[in-house]
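Peer 1: Chains as they are written, first to last, in the numbering used here: chain A, 484 to 1067; chain E, 12 to 362.
These aren't lab readings, by the way, just hints derived from the structure by calculation. Using N, Cα and C, we set each Cβ at its ideal position, and we do this for glycine too. Keep in mind that the hints are not guaranteed to be accurate.
[Said to hold, decoys possible] Per the computed footprint, the stretches of chain E lying under chain A, defined by three or more beta-carbons under 8 Å from a beta-carbon of chain A, are: (1) 26–40; (2) 142–152; (3) 339–346.
[As the list claims (entries may be wrong)] If you want the ones that stay clear, here's a sample from chain E, every Cβ over 10 Å from chain A, calculated: (4) 129; (5) 224; (6) 243.
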Amino acid sequence: MAELISGRQLRRVATIGAVAAVVVLYLCMVGLVEAFKDRNVVTGVITLGAVMLLAVPLIAGYRAALPARDPSGPTPGPAQRIVFGLLVGLIAGAVLGVFVLIASAVDVRGVLVRISPPLLAFISFGLPSGLAQLAITGVGGLVGALGALLLVSPARIRNAVTSGLVAVLFMSMIEPLLRPRLEQLDYTAISDFLYKAHGLTEMASILCFVVGAGAALLWQPGNELVRRSIEAAPVQTRRRIRGWTIAVLVVAVLILPQVSGTFLAQVAVLVGLYLLLALGLNIVVGYAGLLDLGYVAFFAVGAYLTALLTSPDSSLGIGLPFFVALPIVMLGAGMTGLLIGAPVLRLRGDYLAIVTLGFGEIARVLFESDALRPWLGGVQGILGIPSPFPVRIDLQLGTTHIFATGPQVLYYPIFAFCALAAVFAYRLSNSRIGRAWNAMREDESVAEATGVSTVNYKLLAFALGATTGCLSGALFAVQLGSVFPGSFDVFVSITVLAVIILGGMGSIPGVILGAIVLIGLPELLREFVEYRILVYGAVLVAMMLLRPEGLIPNRGRQRELHEAESEEEEETLDGDLMPQRGQT
Amino acid sequence: MRFRLPQRFNLVSTILWGLRIVVAVLVLAGSWATLSSGKLTPDAWRELIVFGIAQGSVYGLIALGYTLVYGVLFMINFAHGDVFMTGAMTAFFVARNFGESGFINANPIVALLIIFAVSMLTSMLVAIVLERIAYRPLRRAPRLVPLITAIGASLFISNSIRGIYGEQSQSYPSVTALQGRLDLFGIPILKTQALVIASAIVLMIALVYFVERTRTGRAMRAVSEDKDVAALMGINVDRIIVTTFAVGGLLAGAAGVLYALVFNEVDWFMGFLPGIKAFTAAVLGGIGNIAGAMVGGLTLGVLESVGPFLLLGGANVPSPNQLRDVIAFTVLVLVLIFRPNGILGRSEPGR
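One chain only, chain E, in its complex shape (with noise of 0.2 Å):
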């Protein structure tokens, strides 16, 4: 069976171009019909870029587990959303509970800092003990294996928190003080967005403090650039991964609680899409990259939020809000087709 392709064949090259042209036609035909139909008042567009900025945080607190992951072990967690989905689902039961007995009310900050921790610590604790079982033995296994072990780690988990809480949604209790809205710089902001804002950011300074200043961070940085090396120069490199999973996993717990005050429901299969998205994020800001994880988070969020409303607004299409996720992945498959290295990516041979 002798079969042959010619080989001067541009197929692909064509693909691509048709692609990108296509894409700039919708997005510049599409945004000019919505803005020339000014079907949305400057106000709701305002709206619409702080709700993205809100839920560009969650993305990038995440997205900050995958980053700081693969900067170590170059490998994707693909259950890092089902880790973000635990700590939400697991402090949602002390929440009910603070709510019920009126004491995260009557007591805000304190209860909201008790959930936050009960989040943070399960998905550290999910963390660590996945890396433990599903990741370690395979580090030195084929690419691939991790991966499929990953996907399969995240089914596991989403399922078993779906057997163990129930699979119904689950709605956190709303936090009076948390409600109406706050004046920033003349811009009306819902305080829980302020909220998600203000916290991803002190999260962020911490984690860049942490990484860039103390030894531990130290360590894991050298850990990135060349394992046998680190470990010959006396850092355990076991343990320095099993940080690196844990930290990611507090930010995701943390995520997650975040998560949960700006949507307000929960349920085991939350994890999925965020963990996607802030994929997508990650890679966007350029993956392995601190920064660039919070750059890309923000960035997707407000594509993600404003895209379906300037794209398709304009062309009639009904509920256009149902399509964001096509937005969120059509932007995952862009950047990874033109641009892998991302926004802040260093660009590196060979990946």
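Chain A with its partners taken away, still in its complex shape (with noise of 0.2 Å):
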């Protein structure tokens, strides 16, 4: 073994190995596994639980064959990191094994609830214990192999087998999204084709692999050529690229739910209602750098007010049309906003988010009590808020006929005030009060010195938050015709700051993302809901330790953020442990 691995090396095999074995337990035992286990990926091959499970000793054995940091030590071959992937994979399957024999023969459900005999027979293979351990050590040490094979192979082939796993990935989870839709459109045949029991079928997988993997294969020296003259090109031209980009992605939207059929389009709505949120919030957080997590409360207000000025059946009872409510909404969204900002923000950074949630905390609990109920509702709400939106639109346009119900209807006033937004917040982003802005979140006395007056742009820019927020709360008010205490949670505020912290703080193309990834994506996998938070919380640390510029970053930010890598450098060395992945 000496010749084979240096001790360096082995401890670092070991510690990854532990790691990989941690994630892998924890994933059993928080009920990840077993939520997603009936989800078929590849119909009779392979599901969505498996996916999981298996995608951590690739990932290990990718990062085992690592060259490692140290430059120091002697560079391991091909073959022995490839020795150093199967390790790793090794590890992590005899720990799971081992955790398989125990828990088949004491029962632990008293306390891991999860742990329940069909898990154990979907890990172990349906094999009688013994020969599961020996398969489940095999496989893990196997895939730890494939990862640091994947590794040690060229890069090209690297992202090619990535592509192509991603796109039987993707292909079979927007199933639900897709197969009802073919049916409906009658394409029978290629819905048959594709998918079998909510899963792709063999053939299907076979062929998203080898469209995904040639796509990545082709695409790749053309991505290439493609970015370069980009980046050559005049700003003029560079700028038409985006106008037209822009313009195609407008024209998407606009026919998506034509396209789509309901389903989509109601996930969309709901991707909209929070997309306004986090782009008024990313006015307060990527902006102006205050972190609000009481924004809820804005959204709350909005919904009430809606919900007061409009529903005849609430205490006020006047029941105005919602395009007379909406101004008065937003005047008292921006007043709010103002009333909550004024105190609190001569407050440091991390004292404004603890007061900002405890306001937030207040809204609901005062939205919840007896004490309000005569005017408020309590628990039970506000209800019979009418909708300003027909409830069908059936139009014949020359040739082509729209026709549009529930959910189809709403999403285009959604989208157009989420594009009137976003168009607001980028120019506002230009404009002198966007430089006054970043000014003062990069450093406040400075800014001060320079003649910023910092209140008062903090206070606009709490308001213009609210305002924003509020916006959003009319419409969901509008959408679900009633308000309930119950809608209006921290975890609200929470989901609108994964969103932007995803997607980047400050960068409206990253909220779009964020928003579309963090709230579409979990209603395609019905099974995820119970895991959002969770993963959210997730999302929330993997971006913070490894890229807290976002996915798609806004460039000022983003130096901010590595402003101090030259110092860090030392420090990130020893800090170099695999971060949880159990939630991907």
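Hints in hand, dock the two standalone chains.
Peer 2: In structure tokens:
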């Protein structure tokens, strides 16, 4: 062993293996594997639960095969690295095997509620104990070695294989979306070819893999070329390209509900509501740099104000039309923003976060309380909010026939408000106000010294954020037709924060991407609902550790967050522990 | 796009003064109405106060964790409430086992000590892992970054526990030895409450001894003063920071069992509100100040238990106890706005 693997390498392999083992056990105990063990990816071949479990040794094997950061040690050859991956996978598999052995001998369900016999049978491939342990360890080792092999192989192949796998996973995940629509449009042949029992068929999965891998292989050299030529192009051309991209996206968004059917429109409405919230919070957090954890309060105020003003059943009972009420709601929201903002502005960042969290909770408790029940309806909330939008649209425009019902109708106004908010926020970020916010975020004292009235600009950020949040609340109330205090808990604030953090603070494309990923995807994975907040928490931690600037970063923000990088270098070296992968 | 706000714009101070006046009027009018109506007997008030002290000691113990970490790292360990919850939830299974086997009544002292030990060790372990994974790599990052991580970690821990142990709330077995009342200087106190207060005092004294008298405690204070200089003096800063988290975790674990004894019920979400309230307590007493955490905890506990009845009871507000969280959060907001250094806090410029 001494020649094959040095002591230091052995330690590293053992550490990664141990982390992988912990993550695997965690996935089993927390119930993620159980929740997804019946969701087919490729029917009869592999389920999502298995994918989740196998991803751990795969990633760990890949990780183990990465060259060590310590340059003084011997550089391992490819064969050696594959051995590393194999070892890591073996460790993870062996630990899981032992766990299964213990769990099937002793009943642990009193404490670990998710460790059920079906789960154990699933993990041990239905084999009897002994054989099962061998199989689990073997599969772990094999997958770990595959992960290492992936790293050792040339970049083109690696990318091709990865995108092939992603394509398969993606196609199977959009099944609840695609299949009903295909059947509705009488493409039953296609849907039967693609899907069987909520998973891909074997043929379809091979096809998806080939298409994904092939596309990556062909696209890769071209991709580089395109990027280079865009970067070389003059500013006007680049701007024009961007304009066209946005135009194409807008058109795509406009025709989306026509093509996709009601389910996707419903998901899109939800995404839109959260996107609006996120755009508002982005002004407060991303632009002004004030961490507001009580953002849900504005959402709630918007919804309740709308309910009070428009519902004939509310305590006011005046039943104003929605568009008359909307300006009042927004004004009220702005005032709430000022009222909440004014006292807390002099606080330092982290205190501000906690105080706003407190405000959010106060709002929820008040809405829920019996004390305000005569006005706000207490736990029962307010019902009977009329929708200003028609129930169905049936239009004949030339040769095209536009037909929409329910969520498809609401989709357009929400999309319009989102677009409006996005344009507004974009223009704002490049204005004098935006620059003042930038200065304030980077260094408050310097900003103050150069003549930025920090208090006023913070208030402005709060008020604008509040107005946008209220708008979303108003639309939410209309969409539901009723408001309940239960819809306005702290998790709304956290969700919106996670959207911004994932996408990138201060970056509008980032926020849009974040809303689609964090709000849209969980709707496709129904089993997932229970684990949403868990994943959001993990996203917050992982993003802060790995990529604090977000997926689509705002340039200025990126620079700020990496300012301390050079000092940090030595610290991160020993901080090289695998982040929790349990959530992806 | 030119936009200019008026320069001498006193909106903020106006609102702040308005807030002060509103709060003062509400407090005075509410208390006057209640006291003059005589709705509650002196006995009932005493009951509320003792309950408040017991609850406040639990808050104080959790608050110590916030204060210790804040003193060393200047960050709010938002996940501390969940560290507290993890201990209480894990020890529940031991307690349930003891309850079913009758061990808890046959030998209450040993049983309780074991339950405490399990809870404290679990919380300590979680706190150490938390520091290692979530906070250490970010030590030199901008201030909001570790705070966001902490929020994420808090959600991650609580929802993991929800997944692992299930989401229904569990009730601790009752201990016969702790039922009934104890006569303390003529004041009858529930035995559980007496135990909670006594344990809090013992732990507090142990902590003060640890920080003031031991080598590690001195190193901790040195790191709190200046990390770089402490490192030059041969102190292993990383180890001291981990120790700080571990001590905070131990105290939170103890608080978890005490909380379970007072309220009888534990669930995966129990860390959230006590966590924020303990933070309030830490700020109220002066964050970074050990005695302050306990003082703040007791003050907040009493305010929270007496407040709703005192302020709202007289005004015929239905079910005032629903609004206790509002009182706690209002205290938090008011303290942070008007006296961010707390009752016992040193006034430090630039905070």
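Peer 1: Check each numbered hint against the structure and report the violated ones by number, ascending.
Peer 2: Result: no hint breaks.
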